[in-house]
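**Student:** Take a look at the letters that make up each chain.
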Amino acid sequence: MPFESVNGKVVRAHLGTGRTVLSRRGAMLGYQGEVAFRPVSGTGGGGVRGVVGAALAGESQPMMAATGSGSVLYGLRGLHVTVVDLDGRSPLLVEADRLLAHDADLQTSVQLIGSGGLRQAVRGAATGQGLFTTRVAGAGAVALLSHGGTFALPVRPGEVVVVDPQAYVASVGALSVELRARVGWRDAVGRGSGEAFQLQVTGSGTVHVQASENKL
Amino acid sequence: MDVLGPSTLPKGDNVNPYAFCVDLAGSWFIGRGAMIAYYGDVAFRAVTAYASADAYVAARFSSPAHVQDWVVAEGTGQVLLADRGFDVSSFDLDDGNLTVRATNLLGFAPTLALKQSIVPGFVTLLGTGTFLASSNGPVIFVEPPFRADPQALLGWADCPSPSIHHDAAWMAASLAGALRGALGRVSGEERQYDFTGAGTVLLQSSEVVREDPALLRVVEQQTEQLTDEQALVLAGRLRARVEQRRG
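Going down the list, the sequences are from chains L and A. Heads up: the first sequence begins at 1 in the working numbering, then just goes up one per residue. Heads up: the second sequence begins at 1001 in the working numbering, then just goes up one per residue.
Quick caveat, the hints were computed from the structure, so don't treat them as lab data. Given the structure is predicted, the values throughout are model-derived calculations rather than measurements.
Chain L stretches covered by chain A per the calculated footprint, using a threshold of three residues with CB under 8 Å from any CB of chain A:
(1) 5-17
(2) 22-30
(3) 34-40
(4) 65-76
Ideal Cβ positions, reconstructed from N, Cα and C, are used throughout, including at glycine.
Produce the complete structure using the sequences and hints provided.
**Tutor:** Written out as structure tokens, the structure is:
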């Protein structure tokens, strides 16, 4: 059973029959029933390298697990919550700090985004878009945080969808996300629109975009 | 786009989810800073100015800790109230009681009486009448038995005041984790307000609570119970905590 939207900012997760939900620590608003919470370490399993990589990339959030029978309300700082259902075939890419809660049987790992090497890393730092991102795979539901809510843009093969790095929330499917710089002479003289960095998304799937340039 | 005027403003109703129009004919209690605009002949005066002179106001507003954060609006007209773009909801009490977070209460009719709650940071409204409260996202109503995160709690009605529930399993796990150095400081998950009995619990999606100027006064009142030695110990601990947080 996926997450149930209570309103745009809160989701309810029903526990029971072996369903465990992982959530960001501090995101539990309240619960009903016999529910036990325990802290777990952040995303980015995969041994020491995974942990080090996660720490380097900032892709690590303290998480907690909820088990038992009952229902739990999740929300964080009044941010909007979007529920994405994964069918098990397409993985989801998302920044760890946007991950509010997900089914515990989904696998999370830290993944390198793009393939631009050091230049890409420098650009990533410049836009605030991490070079590393969290990959969520398996079948189940994920609740994502955004500023002002999200909407989904479909990506079809042969098409390029260009997204502002600040507005990018997550992507689902067989997609390649690359950071491109498009610097014109106006940027060079400091009169640019600030749209010099863009994320180009190609492949087949969906991109979730927020209607705001506020990072979390 | 409709332009609203004195005759077209929704009277005693929400203008949009984030602003409410009070149709004033007489007096209303309004939280300091909640008024965004008004039409008509309305005077705003501090409650303190009334409480000394007007026994009626003093009887309705019996919380000295909150008195300096409130004004009385008096006259006739339309007063628009809002709070940081939060959702504003109106509640009608019918010979009831409702306790709400003091920083989320925007205004109330003088037919209600305001009292300071036992739980610090909250105030209780008693009687019959309308009041306005803001919430981060629409208000969520749940029924006890329910355990709520203290920061997400907006208020409660008709049920007994909450007790504090400590999650023993969480604390044991955190303690073990803290010893291993894997986990950071407490996140608040180990402590919840436990509601039992019949009634309604009001929740919002917020873990950031606005600074409540009255909370300091309420907590300070409670420290009167401490002996001098205990008070000095508390002062030292508070100082140490602030220094640790500031790094």
